[in-house]
Every structure is written in structure tokens, then in C-alpha cells.
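Start from chain A and add chains B, C and D according to the hints.
These protein sequences, in sequence, are chains A, B, C and D. Counted from 1, the first sequence has number 139 at position 139 by UniProt numbering; the numbering is strictly sequential. Counted from 1, the second sequence has number 13 at position 13 by UniProt numbering; the numbering is strictly sequential. Counted from 1, the third sequence has number 202 at position 202 by UniProt numbering; the numbering is strictly sequential. Counted from 1, the fourth sequence has number 51 at position 51 by UniProt numbering; the numbering is strictly sequential.
In case anyone wonders, no lab produced these hints; they're calculated from the structure. Each hint should be verified, as a subset may be incorrect.
As the list claims (entries may be wrong) - With a Cα cut of at most 30 Å, we get these calculated DSS-like pairs of lysine-lysine: (1) C:K108 / C:K80; (2) A:K108 / A:K311; (3) A:K311 / B:K111; (4) B:K311 / A:K111.
Claimed, not checked - If you want a taste of the chain B side facing chain A, the calculated C-beta under 7 Å gives, among others: (5) Q211; (6) E214; (7) V286.
Glycine included, each C-beta is placed from N, C-alpha and C at the ideal position.
There are 4 protein chains.
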Amino acid sequence: MRIATLTSGGDCPGLNAVIRGIVRTASSDYGSTVVGYQDGWVGLMEDRRVQLYDDESIDRILLRGGTILGTGRLHPDRFKNGLDQIKANLADAGVDALIPIGGEGTLKGAKWLSDNGIPVVGVPKTIDNDVNGTDYTFGFDTAVSVATDAIDRLHTTAESHNRVMIVEVMGRHVGWIALHAGMAGGAHYIVIPEQPFDVAEICKAMERRFQMGEKYGIVVVAEGAMPKEGTMELKSGGVDQFGHEIFTGMGQQIADEIQARAGHDVRTTVLGHIQRGGTPTAYDRVLATRYGVHAARACHTGDFGKVVALKGEHINLIDLEEAVGTLKRVPEGRYRTAQALFG
Amino acid sequence: MRIATLTSGGDCPGLNAVIRGIVRTASSDYGSTVVGYQDGWVGLMEDRRVQLYDDESIDRILLRGGTILGTGRLHPDRFKNGLDQIKANLADAGVDALIPIGGEGTLKGAKWLSDNGIPVVGVPKTIDNDVNGTDYTFGFDTAVSVATDAIDRLHTTAESHNRVMIVEVMGRHVGWIALHAGMAGGAHYIVIPEQPFDVAEICKAMERRFQMGEKYGIVVVAEGAMPKEGTMELKSGGVDQFGHEIFTGMGQQIADEIQARAGHDVRTTVLGHIQRGGTPTAYDRVLATRYGVHAARACHTGDFGKVVALKGEHINLIDLEEAVGTLKRVPEGRYRTAQALFG
Amino acid sequence: MRIATLTSGGDCPGLNAVIRGIVRTASSDYGSTVVGYQDGWVGLMEDRRVQLYDDESIDRILLRGGTILGTGRLHPDRFKNGLDQIKANLADAGVDALIPIGGEGTLKGAKWLSDNGIPVVGVPKTIDNDVNGTDYTFGFDTAVSVATDAIDRLHTTAESHNRVMIVEVMGRHVGWIALHAGMAGGAHYIVIPEQPFDVAEICKAMERRFQMGEKYGIVVVAEGAMPKEGTMELKSGGVDQFGHEIFTGMGQQIADEIQARAGHDVRTTVLGHIQRGGTPTAYDRVLATRYGVHAARACHTGDFGKVVALKGEHINLIDLEEAVGTLKRVPEGRYRTAQALFG
Amino acid sequence: MRIATLTSGGDCPGLNAVIRGIVRTASSDYGSTVVGYQDGWVGLMEDRRVQLYDDESIDRILLRGGTILGTGRLHPDRFKNGLDQIKANLADAGVDALIPIGGEGTLKGAKWLSDNGIPVVGVPKTIDNDVNGTDYTFGFDTAVSVATDAIDRLHTTAESHNRVMIVEVMGRHVGWIALHAGMAGGAHYIVIPEQPFDVAEICKAMERRFQMGEKYGIVVVAEGAMPKEGTMELKSGGVDQFGHEIFTGMGQQIADEIQARAGHDVRTTVLGHIQRGGTPTAYDRVLATRYGVHAARACHTGDFGKVVALKGEHINLIDLEEAVGTLKRVPEGRYRTAQALFG
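Next up, chain A with everything else stripped away, as it sits in the complex:
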């Protein structure tokens, strides 16, 4: 059998561990071969592929962040004649099954291909942990660990200078990284997109701390956080391609507002890209490896149109449809649990 794989969307620690899992399983358990398309869907469209051999070089990638195949952000349905071209290229390369590794957008593309007769097994990838139908995605634990390390460091700086420190972490649509890093880092307030915030509440929480003799506070803010209607004026960051107004630098905007209202010395740290690069944590290496092994197996058992997914202790195969339906958001109960630790 001949399997093809590609990585698409933002990079994510663990992508290479998935690729290694696919190659090693295909080779040692089934005697199959694997090719990789470069730079995401665009490499499949342009037939840029590399043979992936089951040798020492594939072992070395386990620890490497990023993706040895490169990635891209174009979706296959954006291409004119995309489907025909893809079918032709896969046939030309003698590919029997395709394993696209990517986030919600990528899995939508995978579903479109699957609906059109291409044998596909998807692997969910998002550091944001927002793919529906799976308990965790790889890369998330690494992102949370990096953010938690940063928060650990900021505690002592904030305390030494009697400051309120705002830490902006990734999470445009969901607050999983903010929630977990905030809980792990002992944040005194956490702001996530799922729960519109009121700066007055944050100020009140800081006030309580200062009144009890504490001299600093740590507030973790997901980049996509938004205020409750009418509670705070936002500086606009322009409009996006669809004409929607966008707001960036939410951490800094909240910092400015707290400083203006409460008079604290407030500083902002934006963690940025370091959350998505570098060596994956042990947790992410194990999860990503299992995804790769199970995706390769699904190709050989003919379980197409599926996505590998973690459910409790098991890797299951769920329908592509389930994975792309909706984003997995932070449920209110989880936010309530975090709130018990605020202040």
C-alpha cells in the first residue's frame, strides 16, 4: 500500500511525531510506503512530494518542532479544478490513501475530498485544543507548558515591583490555553473568549488582593477575549477581509484600562510564537505518535472518512463530520472551576 500525508495550517509541536508514527507503522507492520507532500495542500496540487523512508532520519524528527514537510494555509477547494488535479496527482503517484494533518479548516478540506471519493483519514491538529470530538490535540500541552513557564517567571517580577502583570496567550476563538496555563500558573484572573469580561470585575479582584496585603496580580488573557457589551471602549484594529472590525492587542487594551481605572502599575507580556514552536512535551509526543500509528492502521483497515480522536484512554475513529461541525469551546463549568482559584 502507498500512503500520502501532508501538514496544513499553523505549525504545532508534534507534527513530526505524527509523521514518524505513520511511516514506522506503515513500514514495519504492513510493509507499506509513505510519501509526503510539501507545504500543505499546495504541494499536493503542484505534485511536490518526497519519499519518507523508515530509517534513522525519521527517528530523529520525534523531538523536532515544526514540520519537516512544511505547511501552508491554502485550502484545496479554493483551487479551480482542485479536485481533478488532486485525483490525477494521487493516481499518478500511486497513492492508495491520504492522511492530511491539520486543524478545522484542513479537516473540512479532508471531508470535501472524502465526499468526493478520495480515501482519507484525518489527524486533528491545533494548539488551541478546539477540535470537536477529541479530548485533547497534540501541541496544546506544549503551548500550555510554555505559557505556564512564562507565568511562573512573571510572578516574581510582578511581586518585586508591586505590579499587575497581563499575560496575553494564544486563543483567538477559544480559551483553552488561557484556562489551563492560568490554572497551572496560579493566575489571579483569567479572561477567555467564551466569557465576555468586565474590567471592573478584574479591578475588583486585584483590589481584594491589595487589601489583603498582596502587592501584585497576574491576569491571563486569551488574545480573542472580548468585553461585555458596554463595559469598555475598544481601540479598533481595522477591518478584516470580510469587513468585520478586528481588535488586536487585547492584553494591552485591558492593561491600559486597569491602569486608568485603578492606578496600578500594569505591564503586558505577549507570548506570541514561542507557544507554537520547539520540542514537544512528553505528553504531546505520546499523543501525536499514537495518532500517527492509528491513522496508518485505519488506512490499512479501510476506515476512511474518519478522524483519529482521543477519548479517555483510547484512540477512536470518529466521522470527519463530527470533527468539523463546531469548535470545542470551554464549557462554563470549567471556567467556574478556575474561578474558585482566582484572587
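Just chains B, C and D now, with coordinates in the frame of chain A:
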């Protein structure tokens, strides 16, 4: 309400995060108070307790390994008049609910108390991840991370010197740490108690590597690993208190055997206590905190005779009986997945 | 003997290790006592002091970032009657010697006090490594380590997305952090205040990489970097208290310029406060501890008007004057060595 | 010009950074080429060499532990006709200068070659930091960091269980790793080869702690530590090749003795090979890179018969003779400084 807690058995990263979760939740959500008994069950028997205040000092413990309460290995049913003494001490301290945090032995003690009318909510604790009924226990992720870091370092040493390197990790009865650290660390063979090993198979795997041009191998061994009947002579380490022969230093014994049979330069590293100490990973801090919050809540909702347990994304309450019935061992399927990556 | 200490200026990993070194040495080797003034010079002016005991609590601070005494940015000569007040407060507390721990500004204050008859031993502190007369200052190694970790992570992200990544690190006046983190992190270009840059040169270096088949580049920029006269238009960030124009966000300004000139996809990461907080590296703990021990000894041997300083393998005492004369800048030779590795 | 390099002796984090520094400098600053001999001197004898190209692959090795050239423990003067063979092989390969990277034994070999007319520039390598004439050697900081991380973790385990914990670190002849890791890790006693120990003194230090209410102790032991004459009976580990009695497991021997004398619960952790493998610290990457750059430069300026060495902030060239004369031991003064922090 007045809650008491204690930590029993081997120490484990995240114990303090549980304690913090209990204290913060009890105080801020319910206005309840918490006392801690020192050094495990023995502190409860001897009525050595400390008040745990909901202040900055409780926040600082989130990152600290070990347990601020100390721990001990005695079980309550080993004490003559143990039950009466415990009941008297709890009544004397005005305690309405008890949260013992510990492994299988501790939870058995908790069940014995619960069966005898004491309101108990257990929190499972084991770096070995072998408590039944919960997907993960805190401390396990930290132990796997420490072991994985060590394996990462040993790769380059082994390769530079053309050696087979044996890494002995914790796991007397189950192989979870070996399995996960071995997978995360890219081990070329993993030996766990659940799957009796044959040194001939390990030698064969190493041989394959050397024939393919590789010059080294990493073998991860759980301390409780045992050979298949008749495949290898073990050096006895004496007999235990029950008269059973014990075998220690399994890593070194396997190393000696490989060296004797295959002539490789083989070295052993025993990771030991560093796997169970120190700052918990972000994953363990979140899990331990959630356990603490939910245990405190269960006390207030009157859900006694239960244990908090992770099931997928949720913290559930399961019966104490379910948690202490059997050890959770590595299922054959999980070992097969790891095997796909060997060699 | 009675020693007083205080920490002044920006916080820095290792401050607590110095304090511990002073307290332990004073107590165990000389039977002396130590008091700490809070929040820098202002605490000395306002006589806010705490007794520092030689017990387990002082041991625990070895690993903690920040400073248990708090810090401040006011200088003693800014206070009207500052000298009289300080003399009165020290006399009132029975203090025989003062150990101020701080950067160039703090040591200038120390010199002023010393010139006015107060027995002072200074401890140099700067994560920027720019104090004259000492090979290294504590905190610098931690800052470089944090920045290097971040650069390690950004390599894989940049490579996966074919990007030029700008990493802005601390260093308003000197480029030591940029130089060392850039060398350790394998940066492809390093920009420091001591060597005015020309964006055309950076673009050329990136071009060379892309022509050789590489698909990404990492550029490390010290925050105080400045372009060669006439090579680039800067966006002003307003004027400072002295009426000098200030330029912030140099990383982003360089990124914009490269993107405009060369058309690469360029992203910026500003590391910010995480470089100065958190647990010190082993190197910094040893250096800071030695500084503390030697400062306490100097008080007892009557070597006042001095600063502890690392020279090769030894801790020396140098004159306060030597330490505050000029900033220690990156010599051209060191930058040439780094350049050999560019591209 | 054509430069050859080889790595000899035990592996050490930073070896690859030296190689990279040589290759990049030779190529970009001088247009020279570099070959590497494999597996130390033996590869030079057997003429096993690889061309080292100045491309992306050489950049990737900066972070890798071990040595891409492999290493060996044979010395060139052990070979019959060694000198003639080496001269012939170097001539055959058109090599103009040789850079051996290794410890005291390797540098002795380098001196022997240099004395016999081969143009040699040595690079000192030892995680033990015991090469004479240089302030620090690369690999040492990484070893100290790994050991310090381990000690940090053992504190909380020891404290939770009221134990004395013995940590055996590397250092057969000198105590630098034990001294620095012990100071950085806040050890309560440090035992080094330069200062024969008396177990009675260690017990006394632990006793003082327990009397002051502390419940645990950390003792760091260099593997080559030896007791004061007549203070303790050692278990023999046999005799070495020269007929000298050897003593191994010094950590465990001290542990047994403390347990026997003082009745504490004492445990031993032997850190072993993890101290010498894996990614180098930022400090070691910078130092090793500078060594490589300066060694390549010395070849081009004709400064042969020399060794690169760190003196304060500078890389100097010292005579090979100075480097191999004696081991650099921990001076008594440095041990006294550490003692101020004991207990």
C-alpha cells in the same frame, strides 16, 4: 463546614496543588475551613494537625513538589483501636468530612473508614498511573517528563560511544511510566511488568539496528519487569516480609545479560527518586487542582464514599470500591502500539 | 556586627541568592545579624526594615526569582536631607555596614554614601551584564537562557512557515544578551546597540540564505539597537523626560523594513519581562551566592567602599569608582566572533 | 587551507558547537575546508574521515549533545608506528592543521604530535572542569545544570519523607561539579575528592538540622570522594589495571554509614550518564562556539602547539604544556565558601 485532609504514601508532584484546590474552594465558594493532618494516617491517629488558611502562603505551594503536610506509609487499619481513635480525633477537631489523598493502599484505608461511617472523599495519587477508574493520576505526567528528559540526554551519549543504554524507570507493578517515557523518548525497546521479556528478543532488536548502520540502542525498563519463564537466570535480592523472593536492579541484570550474549558495550542508568520530586508539570498542576476543587465540592454536596476521577474531559465521582478493586495495568493493545515504533 | 542590605533597581534572578549568602555567612561564620530594608532606598529612607533570620526560610529563597525585600527605583541623592535621614536610620537600627545590591545607578548611590562616611560594600546586579570591572553579573545567564530557549522554539516555527523571525531581547544600552542568546540560539544575524545596523545588510544575509535553499532566518535584536545614520527612517516614540526623542519597538520597525524591502514574510516576537523573572540558572545561583558570601566577609574585614566582582575564577573587591565609571559594552572583537557564525 | 578535527574521550555537551565553530569560521572567514576523523584518534590512524560542509546541516548540530564524529578512548602514542601512520594519513588527506578536541589525555596526545612536528591547536574538553589554564570548559555548565535540576527535585522528596538524601555526581578526581551543583542546589553538605571527608562530620551537620526542626538533609557527593584516613571502612570494588584498589558507589557507602551511625532514613541517587548527554546550556554553546572560532583562527595565524583557553572574558591561546601539566583542583578557599552555606 470543617474539612480535614491528609497525604499518605510516596510523595508525588501535585499533592500541594490538590491541597490548595481544597482550601481555596472550601474557603471562597463555601466559607468552610480546612485542617491538615501531618505525616499521613499517623498524624490523624496522633492528632497532629495544622490549620490551613486561604492566604498567599497556600498559593505559593502550587509549584512545590512533595507535600507540605508530610506523608507516611502506615495504614489506619494497622492500628489497634484505630477506628475509635480516628473517630474521636475527628470529632474533637469538629471535622465534618475527610479527604485522604493517596494511592491504592490509602484509598483502601479510606474505604474502611467510609464503611465504618466516616464521611470520606478520596483523591487518587500515584505517579505510577495504576489507580483503577481514572484516566490519569497527577504526578504521572511529571514522572514521564523527567524520564523523557533523561532519555533525550542518553541518546547522544549512547550514540557517541556506540553503546546500548538501559534506562530503568519507576513501575514495580505496572509499566505506564516506561511505556510513555519510552514512546516519548524514542526508545528502541521497552520492557514492562505486564509483558514478560525475553532478552533474546531485545538482542535481536539491537542487532537489527547495528546491521542497518545504527550504532547504539536505548532500552527502557520498568523496575518491576520480569523475564519469560526459563529465558534468563536472575540474581536474587533476598526475600521480602512475606517470604517471596525479590529481584532488584532489573536494569543492570538485563544489561549484564545483553553484554554477555551480544558483546555490546552496555550501560545502565537508574533514574530513581528524581522521577517523583520537584515542580509538577502544567498538566499535573491542572489535574491536581481540579481534583482538589471537586473533592471539596463533593464534601459540600454530601457525595461521600467516593473518589474523584478523570474520565475524558470530566472529573467524575466514582465509588471507592471501583478505585481499589484492581490495579490499572497497561493493556496489550497499548504495548502493541509502542512496539510499532521499536527498532 | 549588624549588617543591613537592600535591593534596588529592576529585579533580577539571583537577588535572593545574594541575600541568603549574606545572611548565612554573617550568621554562621561571624555570629552577626542582618536586617533588610524594603523596596530599595526608599525603605531605608522610611526605615521600613525586616530582620533576616538564618533559618530554613532563608534557604528556601535560593530558587526564587525576584527579591524578598522588594525593590524600588528612587536614588538616595534624590531625597532632600537624604544623607542625614539615612545616617540617622542606620544609627537607630545599630547598623555597622550596608550592602546595597543593584545596578549602575544603585552603585552610584552607594558611592555617594561611601564618600560621605557610610561603610558600604556594593553588590553589582544587572541582567544586562554591563557593570564595569566584573566579568559577569548574576541574572545575565538566566536572561540569556530564557532568550535562547525562545529562539530554539522560533527556529522550527520560522522554518515551517518560510519566515524571517525577529526576536527582540533586552539591552537598551548594551548588546550582551543579544550577543550571547544569538550565538547560543544559532541566529543568522544579531543587532546590538554597539554596532549601528544597516537593514540592507540584514536583507543581504537573508537573501544569501534563501539563495542557498534555506527557507527562513532568525534575527536577534537588542531593544536599544539603532540604524546607521541615514539608512532607515524610524518611527518616533515621543520624547523622554530629558527631551530626547525615543524609539521603541525596534524589533517591529526592523521587521517592517525587511518586509517592505525584501518581501519576506516577517514576524516579530518581543520577549519582554520573562527574561528577568523566575528561578535563576545554576550558574547564576553559584555566582550570586559567592557575591553574598564575599560581601558579608568584606564587611567583617572592613573592606568598605568596594564592590564584589568576578575576575576569572575569583571574586575580587574592586573600588566603587571602577564599577560606576562607564558601562561595559560589547567589544568589537566579540561581535566579529559572532559574525563568523551569521548566515 | 585544509583543517582536520577529531573528538576524543568521553562525550560532552558542546562538542558539536566547537565543530560548527571551526567549520563556519574556516569557510566564511578564510575560504578553508574542514575534514573530521571519526571515533577519535583511531579514526585518524585508520584514515576514516568525512568532509564537513558549511551548510545548514552544520547549523543543526549546535543544539545536539554528543559528537557527530563519534569518539574513542585510544591514545595515539599507544599505536606502534602511530606517528608515521598519522603523518602519512594527514599528508595523504592534504591536511595543513589538526584540531583535536578532548580532555587531558587527548591534549597529551596533541602535545606528543606537536612535539613531533605536526601543526596542532588543541581544544580542551571536560565536563569535570579540571583542565589547567582555562577558567571553564564547555560541558561543565550543562553537567552542573542537570545535577542542580535533580537536586531541586530531591529536596521536596527528602522533606516529605524526612530523609537524608545522598546525590552522587560525576567527579572522579576533582569536585567541581559537586561543588557548583551543591551550592546551586542548596545542599546541606558537599563531599569532594580534594577534601577527605569524615562521616562523623556529615552526621553532625544533619543532627544540627534535625535539632533545629528541619526534617531532612541533602548531601552531594563527588564519585571520587574519599574518607579521611581511619574514619570509615570502605567496601573494596576490586583492583584496576595498575593493581590499585578501587572503590565505587561512594554515595551508597556514605549512605550506609550515615544510616548505621545516625539511624536516619537515608537514600542514594546516582545521577550517572544523564550529566554528560543532551542539549548544551546557552553558556556552553557560547563557550564551545568561541573555542571553535578561535581554534580555526589560530590555525590560520600559525599559532600551533597551543590550546584555546578562557581567561576572564577572553579566549587566549596557552601552551599545550600548561594545559596538560596538572589537573585543576578545587582550591580550599572555594570549598570554604561553600561550607558557609552548609547546614
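Are K311 (chain A) and K111 (chain B) close enough, with their CA atoms no more than 30 Å apart?
holds (29 Å)
Closest C-beta approach of E214 (chain B) to chain A relative to 7 Å, hint status:
Hint on E214 (chain B): holds, closest Cβ of chain A at ~6 Å, below 7 Å.
Let's test the interface hint: is any C-beta of chain A closer than 7 Å to that of V286 (chain B)?
holds (5 Å)
What's the verdict on K311 (chain B) and K111 (chain A), does the C-alpha distance respect the 30 Å limit or exceed it?
Holds: K311 (chain B) and K111 (chain A) sit about 29 Å apart, inside 30 Å.
Sort out whether K80 (chain C) lies within 30 Å of K108 (chain C), counting only the CA atoms.
With Cα atoms ~17 Å apart, K108 (chain C) and K80 (chain C) stay inside 30 Å; holds.
Holds or violated: is the Cβ of Q211 (chain B) closer than 7 Å to a Cβ in chain A?
violated (13 Å)
Please work out if K108 (chain A) and K311 (chain A) have their alpha carbons no farther apart than 30 Å.
holds (21 Å)
Of the hints listed earlier, the one the structure fails to meet is number 5.
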